[in-house]
Every structure is written in C-alpha cells, then in structure tokens.
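Student: Here are the chains, one letter per residue:
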Amino acid sequence: MYEKDGEKYFVFDSHLHFWDASPDNWVKGQERYAKGWIECFHAYMGLAPAETHWTLEHFQKYSVDDFGRDVFENGHVDGAVFQSTYLKDWYTNGFNDIEHNAALLDEFPGKLRVNGRWDPRDGEAGLQQLEADHAKYGIQGVKLYTAEWKGASRGWKLTDPEAVPFLEKCDELGIRNIHVHKGPTIWPLDKDAFDVADIDHVATDFPNLNFIVEHVGLPRIDDFCYMATQEPNVYAGIAVVVGALMHARPHFFARCMGELLFWVGEDKMLFGSDYAIWEPKWQVEGLVDWDFPDEPAFADYPRWTTAAKKKVLGLNAAKLYDVDVPAEFQLQNGGTPAAQEDAQLVEGAT
Amino acid sequence: MSLEDRVLAALGTVYDPELDEPITALGFVGSCTVSGSGEVDVRLRLPTPQCAPNFAYLMAADARSAVAGLPEVRRVSIVLEDHYTGDEINAALARGGDFDDAFPGETTGALDELRELFRRKALVARQARTCQALLHAGATPEEVTALRVRDLPDGADGVRCRDLRRQLGLPHGPGDPALVAGDGSALTADELPRWLRRARLMTLSLETNGELCRSLLHVRYGSPDQEEVAA
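Chains as they are written, first to last, in numbering that gives the first Met the number 0: chain Y, 0 to 349; chain W, 0 to 230.
It is worth saying that the hints were derived from the structure and are not from the lab. Some hints could be false.
[Said to hold, decoys possible] The list that follows gives simulated cross-link-like pairs (lysine to aspartate or glutamate, EDC-like), each with its CA atoms no further than 16 Å apart:
#1 K7/Y <-> E327/Y
#2 K34/Y <-> D88/Y
#3 K168/Y <-> D194/Y
#4 K190/Y <-> D111/W
#5 K190/Y <-> E105/W
#6 K87/Y <-> D121/Y
#7 K190/Y <-> E112/W
#8 K60/Y <-> D19/Y
#9 K190/Y <-> E115/W
#10 K149/Y <-> E105/W
#11 K190/Y <-> D99/W
#12 K156/Y <-> D99/W
Take these sequences, add in the hints, and give me the full structure.
Tutor: Dropping the structure here:
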C-alpha cells in the first residue's frame, strides 16, 4: 500500500522474479550465455537511481530476506505475481523456475502468486507438466519467453502449430493470463524476433485469454500499440518503460506514457517492477509523483489522473488475477477498471 | 584526409538497420586501427551481449563492405566483441561468408526482407520529423503535402529520406512528392493528421530504442559516445 496526498494506492506487481544466476547454477559449457544474460540484466539496473544499484554478486543471487524487504517492507507492494523463467539450457536449476519461486509462497502468505510456463517444443510432456503445475499451484497465468534456446532451436512463435494445444489447454483449465516476453532470437534467425504479429493472431483466436505483452513490446512499441488498440484482450506490461526510462530518460518516458495512454489506455496498462532488475519502491513513488512536462508537445495526450494511477499500479492487474481489493483502495464514485468489452478502440487506429 | 579519417567516414555510412543511425554516432565502433600498409582492424561493440544476432551481423557485414570499398585498403578485419553469438558471426565474417553461413540451417535467406522492413519504418520516422518541423514553423498541411523532394530541408532527415527512398525503389527524383506513403504515392492534406499520429508513434519507437541502446552501451563500457552528434 502506498499513500500520498491523502490517496491510497493498492499496488499489485504483475511481474517479478526470485532468481538464482550465481555461477554455481551455470550449465557447464554454457557459461558465457548464463553470464551474459545476468550481466545484461544488471546493465538495465544501471538505469535506475544510483542509490538503488546492487553489486553484480548480490544481483546474481539474493535472499528471501532481501526479497521481503525490497518488495513488501520498502516497496509498497501488496500482492505480486512471479513470472517463472526457465532458461534451463543455461542455468542448471533454471533461472527462476516455478518450484524455486513457489518456495516463497509460504514465506509471505496470501501475497504472492506464481505463474507457470510452457514451451511448444516440449510437446506432450509439456502439456502434462502444465496440467501438473496447474493442479499443484493453481496457476492463473503463464509466462512465455519466445526467444528461449532449446537444443539447436533458438526460439519459437505463438502461431507455430505446436503452440495451439497449449493455448487450448490454458483455455480449458482457466489459465487466463498469458504473459508474453519477446527476446532477441527466433527461428528462423533472419526474421524479426521482436515481431508481435503472432500475438495479434492468437489474441483473436483465443478471446477468453488475456495476452499481457511484457515491456510493451519494446523494442517494437509501435507495432504493439497498433495491435493493443484493436485487440480488447491485449494488455501492456509497463515494466521496463518505467524501470529503464522514468529515471534515466524522463523525456522519452513522458512520450512513451503519452502514446500508451492514447493507444492502449489506462484500463489495459499493468505495473510490474521486474524485480530484481529494479526495486519497486522508487518506481511506485515515481509513478504517483509523475506528470507530463508542461510543454505543448504533450498537451494532446490523455491525462495521468489519480484514477489512472490507481488502475495501472494495481486495480487492473488485481482484476485479471481475481484479487480482492479492500474498499479503501477502490476508485471513488463507484468507478471500476473497465471490463474487456469496454476497452475503447481508438479512432483512426486501423 | 588521412586513410584513418576516410575509414572512419566509411564506417559513418553504416547504419544500425533497426535504429537508423550511423554506428559511429551510436558508439558501436569500439576501436579502429589502420596500418601504414593499408591493413584495417575494426572492433565493434554493442549495448548488450544479447543484441539480436541478425542486426548485429548486418552491421558487421556492412562495415566490412564499406571499408573494403576504399581503394587503399589492402586487408580489413571486422570483429564483433563480447557478443553471445560472436564466435559464429566472427567466423563467418573472417571467411567472407554471409549470415546463412554463420548459422547454417537456422536461416531462410530472408535477411534482405528484414532490412527492407526497417528501412520502411525509418522512412516514416524521418518523414514525420521533417513534416512536424515544417508544421511547427507555420506551414499548413496543404503546403507541406505540396512539397517536392527538391524542397526537402538539407538536414540529416531530408538527406536520409532521399537515400532510403532510393534504397527502397521508391520515386526520389527532385520533382517527386516530398512525403509519400509506403507505396510511393503522395500523402494528401486530408490524410496527414492520421498519418502523423501513427508516424509519431513509429518515430518514438525508433528513438526510444536508440536511447535505450545508448544508455546500456554507456553502462556497459562506461565511455561516452564517440560522436555526440547523432545523424
């Protein structure tokens, strides 16, 4: 919970991790990839305020106590979802697989949910694992990382025929929240791995599922916005926009927020800290304090109102994850986050 | 102009295909040494170890072609530093091979299509910046859409618009329209507000990516960009 100027904000962090990227967990022969991955993440932390930077050693592996302090005690977070990320070709026990994340559920009762994952290249065994994860953890969502390497394969698309049974299984089991994270590789390698067109297709084919596009499709924020404005079940995970730009590049942050509010809208934007890349505290406080620069170039964007802040920081994601939000945090005047069918199509977007 | 200066100038014609900025302005040329006998060694560095291999390869191969095209250059070596597919890419570059040689069985010969897609985005963004500057200066939509290529401002955006149109096979003669849609037809005053709304987003996308890349490169290597002035 965060309170500022008499307003109370329910903070639901839709994207965080409890990872182990320490050298002990690097797969033999794959060390350069495991090392490169975590160093790349650590570089992103460099875009946060200097007083929140960690050493690389601490960043590679942090403790349960660190997590509780950074997220719940200092970070204002009321509830959060782990986005399990496997990368088992590079990390022996996974970067943060569902079991590793789930170990924290009992440490912080009622506060955390864990998402599963699937990979169409796992075939029948993957479908069974998805069912087992659903039965064991009651997962409401999955995190998909399309650039994950698996043997000789360097990635996949949601429109691959092998992905259909997995989407159907999610639909059947009620695993409604599909978080999609694009990365730098895909098969074949000479296509644009960051292309979001495959999400557009499956969002149309599976209207009961919600597709949350992590880091708003960056570096394809343009393609993402065109898609999100037309697909009522496509949401923007704004992690990275906040973490990488709000402090380091405030002018670009203002432009991105303006475009997101215009094309995607305040009802379909979800806060995520991407912890441990960035601590939630400065992001939550910064988002509440933030407003557009008082310049003509920003005059025609939708406003960043108190209601918009409350929706984006928690109410929108709480709705997707069926979280009960106490009345004191709800919008005044009976307002609630818009349901899917209310999502407005922006005129002239097609 | 010394050979070293000419090599650097040649590298300045190499664009990051995704960001539409020269690799020299982005700080991607980590070092460049030129021997008295015309042997050139260029080391490229990118913002993260995991920048997309396809774009990384294009920049390295374009750098090789640009430098090798100088008559006094007897040998050129391009090495991509600290990249997770650097071994594959560097081996292909050293052999004089292409992207398909670097990753056999993992490509479909479609790299040119990828480049064209980003040239199209780049053209929209450059046109949008040009158009917005003219509108800010007081021109009307009717005046802006009546302009011809010969009227494009001499700044970097105008020059680059002409280059991109030539590369894309779109009309780019002095008497052709200054602002064109993807098929080369002239934009009309009526279409302009809607086109600008989308083009502004595409411009932001390219520029934001460029800023993120600069930020990450700075965090990674700690040194300022080689040239402060972007194209």
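Student: Would you mind marking each hint as holding or not holding in the structure?
Tutor: Quick rundown of the hints versus the structure:
A C-alpha spacing of about 7 Å is found between K7/Y and E327/Y, which places the hinted pair at or below 16 Å, so the restraint holds. Of the supplied pair hints, the one linking K34/Y and D88/Y holds, its CA atoms being roughly 13 Å apart against a limit of 16 Å. Annotation: proposed proximity of K168/Y to D194/Y is violated, straight-line Cα distance about 24 Å (limit 16 Å). At roughly 10 Å between alpha-carbon atoms, K190/Y and D111/W fall within 16 Å of each other, so this suggested pair holds.
Proposed proximity of K190/Y and E105/W is supported: the alpha carbons are some 10 Å apart, at most 16 Å. Between K87/Y and D121/Y, the direct Cα distance comes to roughly 13 Å. Compliance with the 16 Å bound is thereby established for this hinted pair. At roughly 8 Å between alpha-carbon atoms, K190/Y and E112/W fall within 16 Å of each other, so this suggested pair holds. At roughly 5 Å between alpha-carbon atoms, K60/Y and D19/Y fall within 16 Å of each other, so this suggested pair holds.
Taking the CA atoms of K190/Y and E115/W, the gap is near 12 Å; set against the 16 Å cutoff, the hint holds. Taking the CA atoms of K149/Y and E105/W, the gap is about 13 Å. The hint holds against a cut of 16 Å. The suggested pairing of K190/Y with D99/W holds, with an alpha-carbon distance near 12 Å, which does not exceed 16 Å. Restraint check for K156/Y and D99/W: not satisfied, since their Cα atoms lie roughly 20 Å apart, outside the 16 Å limit.
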